[in-house]
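Protein chains: 2
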Amino acid sequence: MRSHYCGELRSGHIDQEVVLCGWVHRRRDHGGVIFVDLRDRDGLVQVVFDPDRADIFATAEQVRSEYVLRVVGRVRRRPAGTENEELATGEVEVLGTEVTVLNSAETPPMQLDEHGVEVSEELRLRYRYLDLRRPEMQQRLRVRSRITQMLRSFLDEHGFLDTETPILTKSTPEGARDYLVPSRVHPGEFYALPQSPQLFKQLLMMSGLDRYYQIARCFRDEDLRADRQPEFTQLDIEVSFMTEDELMGLMEEMIRTLFRTILDVELPDPLPRLTYAEAMRRYGSDRPDLRVPLELVDIADLLRDVDFKVFAGPAQDPEGRVAALRLPRGGELTRKEIDDYTKFVGIYGAKGLAYIKVNDWATKGRDGLQSPILKFLPDAAVEGIMTRTGAVDGDLIFFGADKANVVNEALGALRVKLGQDRGLMAEGWHPLWVVDFPMFERDAQTGRWMALHHPFTAPKEDQLDLLEETPGACQSRAYDMVLNGTEIGGGSIRIHREAVQRRIFCLLNISDEQAEDRFGFLLKALKYGCPPHGGIAFGLDRLVMLMTGAGSIRDVMAFPKTQSAACLLTSAPSQVDPAQLNELSLRVKLRA
Amino acid sequence: MRSHYCGELRSGHIDQEVVLCGWVHRRRDHGGVIFVDLRDRDGLVQVVFDPDRADIFATAEQVRSEYVLRVVGRVRRRPAGTENEELATGEVEVLGTEVTVLNSAETPPMQLDEHGVEVSEELRLRYRYLDLRRPEMQQRLRVRSRITQMLRSFLDEHGFLDTETPILTKSTPEGARDYLVPSRVHPGEFYALPQSPQLFKQLLMMSGLDRYYQIARCFRDEDLRADRQPEFTQLDIEVSFMTEDELMGLMEEMIRTLFRTILDVELPDPLPRLTYAEAMRRYGSDRPDLRVPLELVDIADLLRDVDFKVFAGPAQDPEGRVAALRLPRGGELTRKEIDDYTKFVGIYGAKGLAYIKVNDWATKGRDGLQSPILKFLPDAAVEGIMTRTGAVDGDLIFFGADKANVVNEALGALRVKLGQDRGLMAEGWHPLWVVDFPMFERDAQTGRWMALHHPFTAPKEDQLDLLEETPGACQSRAYDMVLNGTEIGGGSIRIHREAVQRRIFCLLNISDEQAEDRFGFLLKALKYGCPPHGGIAFGLDRLVMLMTGAGSIRDVMAFPKTQSAACLLTSAPSQVDPAQLNELSLRVKLRA
Chain A
1 MRSHYCGELR SGHIDQEVVL CGWVHRRRDH GGVIFVDLRD RDGLVQVVFD
51 PDRADIFATA EQVRSEYVLR VVGRVRRRPA GTENEELATG EVEVLGTEVT
101 VLNSAETPPM QLDEHGVEVS EELRLRYRYL DLRRPEMQQR LRVRSRITQM
151 LRSFLDEHGF LDTETPILTK STPEGARDYL VPSRVHPGEF YALPQSPQLF
201 KQLLMMSGLD RYYQIARCFR DEDLRADRQP EFTQLDIEVS FMTEDELMGL
251 MEEMIRTLFR TILDVELPDP LPRLTYAEAM RRYGSDRPDL RVPLELVDIA
301 DLLRDVDFKV FAGPAQDPEG RVAALRLPRG GELTRKEIDD YTKFVGIYGA
351 KGLAYIKVND WATKGRDGLQ SPILKFLPDA AVEGIMTRTG AVDGDLIFFG
401 ADKANVVNEA LGALRVKLGQ DRGLMAEGWH PLWVVDFPMF ERDAQTGRWM
451 ALHHPFTAPK EDQLDLLEET PGACQSRAYD MVLNGTEIGG GSIRIHREAV
501 QRRIFCLLNI SDEQAEDRFG FLLKALKYGC PPHGGIAFGL DRLVMLMTGA
551 GSIRDVMAFP KTQSAACLLT SAPSQVDPAQ LNELSLRVKL RA
Chain B
1 MRSHYCGELR SGHIDQEVVL CGWVHRRRDH GGVIFVDLRD RDGLVQVVFD
51 PDRADIFATA EQVRSEYVLR VVGRVRRRPA GTENEELATG EVEVLGTEVT
101 VLNSAETPPM QLDEHGVEVS EELRLRYRYL DLRRPEMQQR LRVRSRITQM
151 LRSFLDEHGF LDTETPILTK STPEGARDYL VPSRVHPGEF YALPQSPQLF
201 KQLLMMSGLD RYYQIARCFR DEDLRADRQP EFTQLDIEVS FMTEDELMGL
251 MEEMIRTLFR TILDVELPDP LPRLTYAEAM RRYGSDRPDL RVPLELVDIA
301 DLLRDVDFKV FAGPAQDPEG RVAALRLPRG GELTRKEIDD YTKFVGIYGA
351 KGLAYIKVND WATKGRDGLQ SPILKFLPDA AVEGIMTRTG AVDGDLIFFG
401 ADKANVVNEA LGALRVKLGQ DRGLMAEGWH PLWVVDFPMF ERDAQTGRWM
451 ALHHPFTAPK EDQLDLLEET PGACQSRAYD MVLNGTEIGG GSIRIHREAV
501 QRRIFCLLNI SDEQAEDRFG FLLKALKYGC PPHGGIAFGL DRLVMLMTGA
551 GSIRDVMAFP KTQSAACLLT SAPSQVDPAQ LNELSLRVKL RA
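Chains as they are written, first to last, in this note's numbering: chain A, 1 to 592; chain B, 1 to 592.
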């Protein structure tokens with residue numbers, strides 16, 4: 001039906017007859033001539049209809065925005081002075097010699113031909129098929145397709161087998177709520193949609209598949225915070241007979257190849273690695289944004305004995321932390337700005353935000369500092385803080401003092417916010433691995449041990465003896481890949497011995513009976529020659545979002561859902577016929 | 001952890017030190033030496049442990065079938081006379097110099113090292129991780145991965161964008177029952193799992209995506225006949241601005257490339273095409289198996305006036321059919337065999353199976369025929385039948401006389417069965433397109449028109465006028481790709497004009513209100529400049545099954561379900577916590 005895409009015409013096509021199909025992006029009448037910008041997936045080209053061809057001109061006069069046309073015409077150079085440098089096809093235009101209206105269009109509820117016009121996301125989602133016509137959205141879906149293509153080809157070349165795992169499956173305990181699917185054949189029973197293919201990929205290793213990958217749909221029925229979706233996509237990978245170093249090496253090579261191919265960017269080789277402990281100490285986060293040059297500094301030892309409980313208390317608490325965060329040129333901050341940051345850290349549980357402004361330390365010493373808390377700090381503490389933070393005149397030092405997790409969350413978030421607000425972010429891409437995670441963390445409410453990753457993550461071999469004795473000190477063989485403050489991938493070497501798996505279940509307060517009920521098939525499979533294995537999963541939506549510079553994962557999905565997990569385009573979810581529920585042996589019972 | 005796969009060692013590796021990881025496929029002790037066949041994804045190699053290395057030998061003595069080992073050793077030529085030609089690695093063996101037991105194994109409930117042992121499918125599914133270790137199953141999953149890889153690379157190269165569509169969506173009316181997913185956030189409302197991404201891919205065309213593909217999971221809650229699965233996979237494709245000929249040309253090029261790449265087979269170029277009418281006439285089926293050389297022959301005109309109601313009735317009925325099927329050398333059939341075929345066609349609703357044995361037509365004419373029905377047939381009819389079927393001495397002619405659909409189904413199935421039973425099947429691959437389908441077929445019970453494909457299939461442009469007048473005569477722009485009697489792909493050009501879509505809904509007895517409720521978003525989208533578009537979907541499981549020679553789609557899926565839609569490995573579906581149902585505002589209400 002066509003010979004070329006609109007967007008591919010260049011001066012090399014001049015004098016060629018072309019057949020184009022596309023949408024009327026804009027129609028202008030000028031000097032008795034009709035100009036139509038015709039748009040397709042590849043871009044725009046200007047089509048000219050002259051009045052001396054009366055029938056064609058008459059048709060062209062009828063077309064409106066978003067009409068679908070088929071145009072036959074001849075490519076010619078635009079008259080001197082009318083070239084459009086902003087358009088890839090701007091040197092040429094097409095003189096229309098035939099035109100067919102393939103379809104008409106009502107006036108769209110959102111304009112597609114202006115950039116400045118801000119449209120509500122609700123309208124964009126409701127008319128997603130119009131929103132997706134915008135070049136920006138087309139580009140994102142196209143890059144997404146190229147990213148998956150490149151990842152697949154890397155893995156294909158490295159002997160990974162693309163293998164599908166079930167969507168209708170048994171509840172997999174990743175910690176979130178499952179979506180359930182009632183069974184008609186087995187009344188009263190339910191499938192669950194997978195939160196990840198975790199156990200199936202482990203079973204594939206026990207099946208001798210050796211290297212598995214899948215671009216897998218995952219489902220979590222969570223209350224949708226910020227930028228989550230009820231269904232999302234991960235690049236899921238598992239291998240046998242590899243150490244974590246071998247696997248991490250291969251995975252970072254894949255990500256380097258991806259960035260080189262798609263963005264022409266060279267990532268560091270090897271990727272830097274940080275231990276969990278160091279990441280928390282320096283950045284207050286296990287997914288540190290290395291673009292921000294600020295770092296947390298521990299000062300508890302300086303403040304243990306000061307006469308200021310806010311500091312001394314956490315400084316003496318084995319689970320407490322007291323840390324400083326130096327903001328270069330932070331002396332410029334206004335009282336209002338400091339108040340706003342105090343509110344900001346409040347979100348993360350911090351009860352306040354102490355600070356010292358360094359006005360003139362160089363010549364005035366202690367008198368050159370300005371702070372409501374200065375009076376509580378003896379000279380030695382002040383000097384220690386100044387030395388350790390390396391603060392100079394014009395800086396400001398923020399403090400956090402609380403349970404370690406509160407300080408880490410508050411100062412960790414503040415660090416990133418300051419980086420953004422104060423224009424301190426370095427350019428470019430700053431990936432790293434975080435390693436040596438603890439096996440367990442204690443649930444704040446129940447005091448019980450919980451798996452930091454998931455219950456199938458292997459402990460370090462040389463710490464197996466510590467498991468029951470000091471679980472909190474035991475480290476796992478997990479690793480996360482972090483890029484510019486976002487965790488893009490996470491994985492681990494898995495437990496491949498039944499006895500170890502049982503010990504972990506036991507530590508996690510999963511009774512033998514529960515373990516049998518939920519993971520009986522796994523425990524059984526571990527008896528029959530399970531190879532050492534491990535894997536990783538990359539969050540594809542987030543990766544594409546970062547690589548396309550999109551502001552939300554919704555902008556890199558064709559048909560995302562709203563925060564209330566609804567599809568505004570198709571009106572899902574919706575009510576169903578009572579007969580359908582009857583077949584499923586179900587009744588709706590709304591709560592009062 | 002290893003240097004080579006077991007299966008890749010050849011004489012070129014002799015004298016190299018290698019590190020292997022794998023499973024003990026078989027252990028034999030012979031002449032004081034231990035032989036272990038070590039198995040991994042690539043194959044088997046023989047490892048030898050000599051008693052002169054006491055510690056290694058002691059370890060080797062402990063290993064049993066399916067133990068997981070890491071072996072360091074030196075490759076050497078097998079002693080003359082002990083080579084194993086059946087093994088790819090059979091020229092060499094590895095002298096073990098180190099061995100580590102990475103994991104032990106209990107005695108597996110099914111043997112993996114013998115071919116002849118037949119194991120029940122139930123056991124295979126329950127211990128799928130053991131079943132998948134068998135080289136045959138490994139090979140199938142590997143070929144499946146290569147097939148998807150090749151299909152993707154063809155489509156990537158041709159500008160198709162791999163785009164994901166939602167799994168949690170609104171009911172799509174493909175005719176089968178939906179799987180439902182209760183919403184927690186919207187109590188009493190449900191998502192449906194997609195029976196196909198049909199409407200989303202059409203919306204992507206309206207979004208200007210131009211060329212879309214996806215290897216898409218689809219779900220149908222059907223009573224599982226023969227070889228169906230509740231979830232299955234299709235290669236889903238849609239394009240804009242292409243005629244059916246352009247699209248079919250591209251798709252057959254893809255399938256030709258696939259068969260060339262994977263099987264080194266050259267399929268015909270172009271693929272032959274049959275109209276639906278001709279396929280039904282000659283083969284009684286719209287997915288004819290062209291490997292069977294038998295064809296149906298119409299003989300109603302010869303029998304319209306015979307004094308035998310069984311033939312004359314259907315011959316006079318406008319909806320009837322009387323057809324003959326000649327079986328060369330069918331005179332050999334025993335009475336018992338003919339009885340069995342009579343029962344066989346009964347499955348398809350045929351009330352009997354008349355036949356004529358051609359014993360000696362050449363010299364004896366009518367007296368040389370043998371048949372219970374011969375007495376009803378006048379000479380002219382007999383001569384007509386003999387001429388038209390081309391029967392010769394030794395043949396047998398079967399007859400079908402009933403409503404056309406009964407004759408087609410019965411003789412169509414008999415044709416294939418005879419082909420199989422009598423060794424008449426041609427070798428190789430016999431693909432074709434079936435085209436010119438009717439738009440509608442009449443529901444036998446209600447007498448209402450139903451869409452033969454789906455309600456979004458476009459009618460032929462030059463038959464638009466016939467729609468309301470003679471719907472039964474109206475043909476669609478649909479096309480099916482058929483391979484060796486299996487429909488491997490089906491698609492159509494879609495309706496891209498709102499008015500036509502509304503007329504089709506109307507003809508299908510979908511009221512305006514129902515249309516608005518179920519397809520309102522589609523009808524609305526059609527208003528805003530929908531391009532002409534069409535597509536196709538290939539059944540990936542079936543395609544892989546055919547290409548690997550597997551007997552069932554269950555054998556080309558890693559974790560299939562049983563006929564009652566259960567996963568024997570993980571015990572899904574299963575009961576859930578009442579609290580979960582409560583959160584979903586649901587009660588189970590078992591029927592008495």
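The set of hints was computed from the structure by calculation and includes no laboratory data.
One should not assume that every hint holds.
[Stated by the list, open to error] Footprint (simulated), chain B over chain A, 3 or more residues, beta carbon under 8 Å:
(1) 66 to 78
(2) 146 to 157
(3) 188 to 198
(4) 224 to 238
(5) 558 to 569
[What the hints assert, rightly or not] Covered, in the sense of this in silico footprint (three residues per stretch, anywhere, with C-beta under 8 Å from a C-beta of chain A), are these stretches of chain B:
(6) 66 to 78
(7) 156 to 169
(8) 241 to 253
(9) 352 to 359
(10) 479 to 489
(11) 523 to 534
(12) 568 to 578
[Stated by the list, open to error] Going by beta-carbon spacing under 10 Å, a handful of chain A positions derived as facing chain B:
(13) 104
(14) 138
(15) 246
(16) 258
(17) 259
(18) 263
(19) 528
(20) 530
Cβ atoms here follow ideal geometry from the backbone N, Cα and C, with glycine treated the same way.
Tested hints:
1. Proximity of the stretch 66 to 78 of chain A to chain B, defined as three or more residues with a beta carbon under 8 Å from a beta carbon of that chain, is established by the 4 residues found.
2. Coverage of the stretch 146 to 157 of chain A by chain B holds [criterion: at least 3 residues with CB-CB distance below 8 Å; count 5].
3. For the stretch 188 to 198 of chain A, the proposed coverage by chain B is satisfied: 6 residues have a C-beta within less than 8 Å of a C-beta in that chain, meeting the threshold of three.
4. Check on the stretch 224 to 238 of chain A: 3 of its residues sit with their Cβ under 8 Å from a Cβ of chain B, so the three-residue criterion for coverage holds.
5. By the rule of at least three residues with a Cβ nearer than 8 Å to a Cβ of chain B, the coverage given for the stretch 558 to 569 of chain A holds, with 8 such residues.
6. Three residues within the 8 Å Cβ limit are the bar, and the stretch 66 to 78 of chain B against chain A gives 4, so the coverage statement holds.
7. For the stretch 156 to 169 of chain B, the stated coverage by chain A holds: 10 residues have a C-beta nearer than 8 Å to a C-beta of that chain, and at least 3 were required.
8. Residues of the stretch 241 to 253 of chain B with a Cβ under 8 Å from some Cβ of chain A number 4, which satisfies the need for three, so the listed coverage holds.
9. Note: the stretch 352 to 359 of chain B has 0 residues with beta-carbon separation from chain A under 8 Å; the three-residue rule is not met and the coverage is violated.
10. Chain A is given as covering the stretch 479 to 489 of chain B, and this is violated because 0 residues of the stretch bring a CB closer than 8 Å to a CB of that chain, at least three being needed.
11. Only when three residues or more bring their CB closer than 8 Å to a CB of chain A does the claim for the stretch 523 to 534 of chain B stand; here the count is 7, and the claim holds.
12. Chain A is given as covering the stretch 568 to 578 of chain B, and this holds because 8 residues of the stretch bring a CB closer than 8 Å to a CB of that chain, at least three being needed.
13. At its closest, the beta carbon of residue 104 of chain A sits 7 Å from a beta carbon of chain B; the interface hint therefore holds under the 10 Å criterion.
14. Taken as an interface hint, residue 138 of chain A checks out: its beta carbon lies about 7 Å from the nearest beta carbon of chain B, inside 10 Å.
15. Because the closest C-beta pair between residue 246 of chain A and chain B is about 7 Å apart, less than 10 Å, the hint holds.
16. Hint status for residue 258 of chain A: violated, given a least beta-carbon distance of 15 Å to chain B, over 10 Å.
17. Annotation: interface hint on residue 259 of chain A violated; nearest CB of chain B at approximately 19 Å, more than 10 Å.
18. A hinted interface residue such as residue 263 of chain A counts as satisfied when its beta carbon comes closer than 10 Å to some beta carbon of chain B; here the least separation is about 18 Å, so the hint is violated.
19. Interface hint status for residue 528 of chain A: upheld, as the beta-carbon distance to the closest one in chain B is roughly 5 Å, under 10 Å.
20. Interface hint status for residue 530 of chain A: upheld, as the beta-carbon distance to the closest one in chain B is roughly 6 Å, under 10 Å.
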